[in-house]
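**Q** So the chains spell out like this:
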Amino acid sequence: MKALLIGTDFLKDVDGGFKMIETNTNCGLSVDPNKYIDKTLFENFILNGGFDELHLIYHQSNTHIFTYPNELEPDITSPDGYVFVNTFDTYVRDFCDNNGVTYIGHKVDTGAITIPYIEDTSNKLIIRISYDTTALIDDTYTKDNWEFLKLMHDHDPNLIAKTYIDDTILGFDSIGNTLRDNGNHPNYCVKKRITPSDNNIYPKLYKITTIGELTNLKASLLIDEYIQEYVYDSTEILNNKHKHYRSVDMLYGSNLDTMNLWVTEETNILDMVITPDYDDNGMVQIWDRPRYTSKSNRNTSDIARKFSADAGTKIIKTDDTIIDVDSISVGDQVKSIDIPDLSSNYAGQLYDWTGSTVSIKNNFIISATTLNEKTSYPYFGDIIEVETQIGIVFSDVPHAQIFRSEVMSGTSVTKLVGYELLNIGDTILIYDKVQNEIIEDQIIDIKYSMENTIAYSLNFESLDLFLTLEETANSSRYGIITHNFDYDCQYYACSSGYVNGGCGAPACFECLSGFVVPCCSYGSSCCRVDYMYPGPILYQDLSVNSWCTWTQPPPTYCSNSPFRHLAGTQCNSQKVPPTST
Amino acid sequence: MSTENNKNLKYQSRNSIRPARKKLIEGTPKNTIKNIVISFVTAIKNKHF
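If you read the sequences in order, they're chains Y and F.
Position one of the first sequence corresponds to residue 1445 (our numbering), numbered consecutively onward.
Position one of the second sequence corresponds to residue 108 (our numbering), numbered consecutively onward.
Derived by calculation from the structure, the hints in this document are not laboratory data.
Please read all numbers here as calculations on a predicted model, not as lab measurements.
The beta carbon of each residue, even a glycine, is placed where N, CA and C say it ideally should be.
Do not take every clue at face value.
Below, simulated DSSO-like cross-link-like pairs (lysine-lysine); rule was C-alpha separation at most 27 Å, straight line [claimed, not checked]: (1) Y:K1891 x Y:K1859; (2) Y:K1758 x F:K117; (3) F:K154 x Y:K1479; (4) Y:K1662 x Y:K1635; (5) F:K114 x Y:K1463; (6) F:K141 x Y:K1463; (7) F:K117 x Y:K1891; (8) Y:K1648 x F:K117; (9) Y:K1651 x Y:K1606; (10) Y:K1818 x Y:K1859; (11) Y:K1446 x Y:K1568; (12) Y:K1635 x F:K141; (13) Y:K1635 x F:K114; (14) F:K141 x Y:K1483; (15) F:K114 x Y:K1758; (16) F:K129 x Y:K1891; (17) Y:K1877 x Y:K1859; (18) Y:K1483 x F:K129; (19) Y:K1818 x Y:K1758; (20) F:K114 x Y:K1606; (21) Y:K1446 x Y:K1483; (22) Y:K1648 x Y:K1463.
Beta-carbon label-pair distances, calculated as ranges [stated by the list, open to error]: (23) F:K117 x Y:N1807: 56 to 64 Å; (24) F:S109 x Y:N1807: 53 to 61 Å; (25) F:N138 x Y:V1458: 18 to 26 Å; (26) Y:Y1561 x F:K117: 34 to 42 Å; (27) F:I145 x Y:D1889: 48 to 56 Å; (28) Y:E1657 x F:I132: 37 to 45 Å; (29) F:I145 x Y:T1584: 16 to 24 Å; (30) F:N153 x Y:I1868: 56 to 64 Å; (31) F:S109 x Y:V1774: 36 to 44 Å; (32) F:K117 x Y:T1679: 24 to 32 Å.
So, partial list: chain Y residues that the calculated Cβ filter (under 7 Å) puts toward chain F [as the list claims (entries may be wrong)]: (33) D1453; (34) V1717; (35) F1824; (36) D1826; (37) Y1892.
The shape of chain Y in the complex, shown without the other chains:
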């Protein structure tokens, strides 16, 4: 039996009716299924269906638990970012293992639009999450919004928002000449026909006040754009943000029966305001869009783009002059600090590094480092501003890495931490140029904003540290020691469990593309050369004379399976690739 997971978005309107906005395959399930899924329904379906095999076809991103949302479900206190345990595939695998059903996972490659062939027999349940361009639902109704809307309009127009599509075959106009009134808030939006689209642009949100303006908006549409009323009910608020609903359902069997797995209430990004800002065309300004949308290319969860600085960041040069990051050029030398125990050849994960605070303060050496690479990106996302006890204000992009000290087992240790993880009360290390010393200073206030700016990835060599200045005027006394994070690639572990009948295997992270290569099954090619860094946790299996990377040491998993031989790879000149014996 074949089954398909779909994710469908809804908005509730002022009349109490729910409007279907779009439906998706290849969706990110994003939640811990143990907390959300209707276990009785799902598990009994498997147990009573006569299945002795369960195949799951998915891409790794389908099962990531994305914890950046403020999780209001009790007992979920995951850290920021992605979580790789308790994912849907591990939940299904564990259930199968405990109930005598053979679980076989089929992890597809990034960008795959087809799936492996699996013979459909009565004893198999084949659940697909990933995209299949040959499937009707995927290629017609989740990819093409016009096909979806036309289908629903013909079936029951009350189940979708009022829509205007200008097309001879799929076109219709249910908006007509009656304007929707959302008060101060936008009442119409322009969207793209084909999914996905650029979340920083679409939907375009407008406040239309006359039929003439609506007519003009229709006339201005691109060939693949359409208009919908913006469904807005001011009472649909959760945590002071406007909310929508995401339903995850399984469609199964030749009769396309439906089983709901869970429904979540999910909010837009920013708190609601009484009145948003509009531009001269009546379109919501970019900084207010996140109040009305749940998606944006925030460039903060984009793994590859761990920005080091935002536009206007001031950096201290070796001669103590100040240069804006916008002006700095490859080859420029800047002031740096040589920190004890953090050499330029450090090959571990930044998050794992610790140093002695006393040793850092007593033994640092002022040095110089050279800008090797500089890349700029348009950035719309979080900027974090930090104020310290002695009145210094710093601000930066979320992933800019700075030094924070904390007491562990009675000793002060220093670790690197991104701006996004700082808390009031944290103690950070700051360089005082006047006194030529590193001081500890406590954070007394943190402010968060979303800004439309330019952000930069910077690679300094041979030292990775540079000094960014306080925000106040032109003073150059205090610099915050910042690490050029992007060039220390991060290692992501596979979700534990079986892949293609074998044991869990290491993940590989492509530094520049930002893709996490699916875990390699036993014997398959995984860790390619160029921009692949397999991760720092290495265990040598003497029985097969090979190395591998694992999230935890053997023999927890696959102790009897030979580990895959790692090719010599490196992300940048800092990395020393492991060599097998």
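With chain Y fixed as given, assemble chain F onto it according to the hints.
**A** The following block gives chain F in isolation, referenced to the frame of chain Y:
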């Protein structure tokens, strides 16, 4: 006329710039949503099968 009143707004809480998520419990809204999904599938079956 364009406005920029909210351009430089800053927030004291990290959660102010993050979406929130919560499970929808059993009840009328959930049942309505489930039924609409069924209706969508019905529409597909009526058209294609």
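**Q** Checking each numbered hint in turn, tell me which of them this model violates, lowest number first.
**A** 3, 5, 20, 23, 26, 33, 35
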